[in-house]
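There are 2 protein chains.
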Amino acid sequence: MNFDIEILDTTLRDGAQGEGITFSLRDKIAVTETLDELGVSWIEAGNPASNPKDMEFFRLASSLNLKNSRLCAFGSTRKKGINVKDDSQICSLLEAGTEGIVIFGKSWDLHVKEILQAELQENIAMISETITFFKEQGRTVIFDAEHFFDGCAGNKDYALSTIKAAVEAGADRIVLCDTNGGNFPASIEAGVRDVIKIAAVTQIGIHAHDDAGLALANSITAVQAGCTHVQGTLVGFGERCGNTALSALIPSLELKLNLRCLPEGNLVSIGELTRRVAEIANVSIYDDMPYIGSHAFSHKAGMHVDGIIKNSRSFEHINPSAVGNERRLLLSEIGGRSAIVEHVKKIEPSVTKDHPVVVSLAEKIKKLEAEGWAYEGAGASFEILIRRELQRYTPFFSIEAYRVLSEHPASENIQCSHAWVKVLVGEQYEIAAAEGVGPVGALDNALRRALARFFPVLEKIRLEDYKVRVIDGKEATSAKVRVLIESTDGQKNWNTVGVSADIIEASRAALVDSIEYKLIYEAEKKE
Amino acid sequence: MNFDIEILDTTLRDGAQGEGITFSLRDKIAVTETLDELGVSWIEAGNPASNPKDMEFFRLASSLNLKNSRLCAFGSTRKKGINVKDDSQICSLLEAGTEGIVIFGKSWDLHVKEILQAELQENIAMISETITFFKEQGRTVIFDAEHFFDGCAGNKDYALSTIKAAVEAGADRIVLCDTNGGNFPASIEAGVRDVIKIAAVTQIGIHAHDDAGLALANSITAVQAGCTHVQGTLVGFGERCGNTALSALIPSLELKLNLRCLPEGNLVSIGELTRRVAEIANVSIYDDMPYIGSHAFSHKAGMHVDGIIKNSRSFEHINPSAVGNERRLLLSEIGGRSAIVEHVKKIEPSVTKDHPVVVSLAEKIKKLEAEGWAYEGAGASFEILIRRELQRYTPFFSIEAYRVLSEHPASENIQCSHAWVKVLVGEQYEIAAAEGVGPVGALDNALRRALARFFPVLEKIRLEDYKVRVIDGKEATSAKVRVLIESTDGQKNWNTVGVSADIIEASRAALVDSIEYKLIYEAEKKE
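Protein sequences, first through last, are from chains A and B.
Using our numbering, read the first sequence as starting at 1 and increasing by one per residue.
Using our numbering, read the second sequence as starting at 1001 and increasing by one per residue.
Simulated from the structure, these hints should not be mistaken for lab results.
Remember, it's a predicted structure, so these values are computed and weren't measured experimentally.
From the three backbone atoms N, C-alpha and C, an ideal C-beta is built for every residue, glycine too.
Simulated crosslink set (BS3-like; lysine-lysine; CA at most 25 Å straight-line): (1) B:1525 / B:1492; (2) A:366 / B:1053; (3) A:79 / B:1310; (4) A:80 / B:1300.
FRET-style restraints, in silico, Cβ to Cβ: (5) A:359 / B:1067: 43 to 49 Å; (6) A:359 / B:1198: 42 to 48 Å; (7) A:359 / B:1095: 25 to 31 Å; (8) B:1026 / A:391: 36 to 42 Å; (9) A:119 / B:1322: 31 to 37 Å; (10) A:226 / B:1136: 52 to 58 Å; (11) A:284 / B:1263: 35 to 41 Å.
Calculated from the model, a selection of chain A residues having no Cβ within reach of chain B, i.e. all distances over 12 Å: (12) 82; (13) 129; (14) 356; (15) 524.
I would like the entire structure built from these sequences, with the hints used as guidance.
This is the structure we're talking about:
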């Protein structure tokens, strides 16, 4: 397919060079399928000479039925002083059997002299012969000019002579790399323009790193200067501070520069697919990631919330739905009634900003926040608060009493913490006991057990996440803690909060809200 | 002090508008002191009209003895249709008593019409009168031209007329805001150049947001176009995707553009101080943060490690020590040891990098870190670890057993949590009980009581701070937690750490280290 900008994702190669990133063979296949679903033009899937796992991947990959993407294997120019055909690394690249071959070569004379310890002219021959070899084999050759911009700063003539050699050898793409990630947009622009002068007919690309936090800006600048091929990784990980985050670059190119990078209609999936890659790599997407982060369209200050309701353009640079994200109006002491009313409307659509319930909720939130509660990350607890204020809520159960005992060393045949809980449901009491790793786990287990016979649906709930924040640490162990819990029933996730100077009480409050929330929704489903 | 670039940090205002960021009064003071230590020119410390906590802060702040920074309060132009003196928001700003007053006003006609619902001319008057008022009061007025760049795109003449009004009213700084964070460097550059034409004698500033991942690039571009005042937040948090991360911007300006932003010698502390602000806000510094992240100078690919050993410039854009960071070679044992040896030398000066204790400590730390321990914020625990490795440490006591019971509702005449602890000191046992607000407090009280008759000096120890972090939230209530404790004897503070899936056990470990550390120092005093 022909796009304005050709995207090459290197999650499986440069991304795998990020600290803490390791892909199994199965992971690599799952990432490949995800990138193909998004529709990037090229997937740089590994360095077959560097490890057997990558070679095994290429063996399996030939049977993948990719819809949109083509695979490429990554390697270097031939070693100094040998024939290209006798270089085992070159043979591995060939054996990988991919349509695309990415060859990196040195453009910075410092690297040629000190790292390769080769003659400058020999390096030119290494570039030229390696590219010629793969062109003769009918492959698409992408030449990565490593350290091109640092090379220009050091010895521009030499850097450009490496590019000339690659063009003359028939490289299909010349990719200018800011390998150390330290360049500013101005030098990127100058470098791209210099190359275009000598490589008018070859497609030029950019490969940027984020060591100065400028990978996105440098990639955009390069595109504006004439590059039509961009390398990066969907989530942004890679060596050191990472590569250009394609999940942030592609929306900028498509929505703001009107340059098509992906098959039509695929941009809305970019958040979901980026999360999937992150999930496979076992890392988290930062909440404040441009375009796709959960905070990217969260509005907190009262004046911002007020503005958004009047005209969303007032505080949003794009429509969040264009990238499959959504707007969130946060609740806080610096937010105002406008945010509250939006939440109340979901339960009682007739309510306006001046409704007494909204006024009293605003007061209540201010007071609760001063005590350490925070509803921003606890939508389900906030909904229970609204329902209580609307007098549309009767708790399904109450905890009459509980005890939690933690002992070290543990007694025989029992975990360190054990708890019993007595609940009241309607007019029926139930008491149950359980053990756990810590006191909160034990309490949670006992509470679920006590409620099980009344509400079998609770069996489906699992805790997804548990966070503790000491609100004012200076009170030390009698400081208040805020507990945030994320629960799931497998289909939907919800968040609740509890605050107390006693961590067990704070956890109890968040656990009770979580269960009540599920029961409210089950009851409404039946109505 | 006169710098090339004046830095305004808005962690306490725009930063506090970031999702999940809440500062207590005590937090705000700690952040202010940290920013002053770094030496930013201005600290925008809050919006006194928006909430009582900010006003209370300004009341307390006048007694802070800041060495480098000046405070400013943030608010808006007067409301439409009233006299500036009758605007309660303006009165709050005045009352805050700061040297600097930051006034934001509308530069985008869309906002004037749809959000303020005011006449275009009335908005000009609001800007003008508000600035005039504060100049008459002898304040330094910083005018934030909200949405300036979007305003230029919509109605450039009007946007520039708001700037003209601010200049004529005597604003000391004109700050151009990319409030929605959606602009590219090219439009930032054009906007700054347009303003410089009409405001030649006023100092121009930039306030960028990161919604397209370009806040850093836009700030650098603005500086290159002539801005000499930059706003941002040290860690980078703020409304939605956050503000310009000053911890990444300042190194770029100082090291690459040779523009002084901080007092001489302070740049090396930027990582440590940014971490401190993050710690106060209870957020993590991303590992891949430019310049200061723990991965920023981590080298993983074999060829990179090889290059770094030959010449560090080959794969590093700056020397990590310039920002107080350090190189880590992930595939070798060299990484980390230099830091460890510095700590070991404090106890045993003769030790070198190749000493077996240093080698085994490096191994041990790697293992412990993989289990969730972190010694960065726990120097006392780390020292105990070193002493143990040097075989220069015999614990003063051991906890033989303990039990903690939490019950709700509480029994009569006793607090919700109670604990007993049995300790062994030399050959003597002691058992003691105590109560507390929560289980950790009860355990702490009982432990001190049991040890009191052996070590009367412990009476002087108080816990100053207690922090809990869930290490992997996805395991929910059986996730590991890391507890950090700060203790004091009134003269000296020290920090210890504990890790466990059981919060009581994690706290126990940190408490024991804290007491042992004090006893070690008491014993050495006597020697």
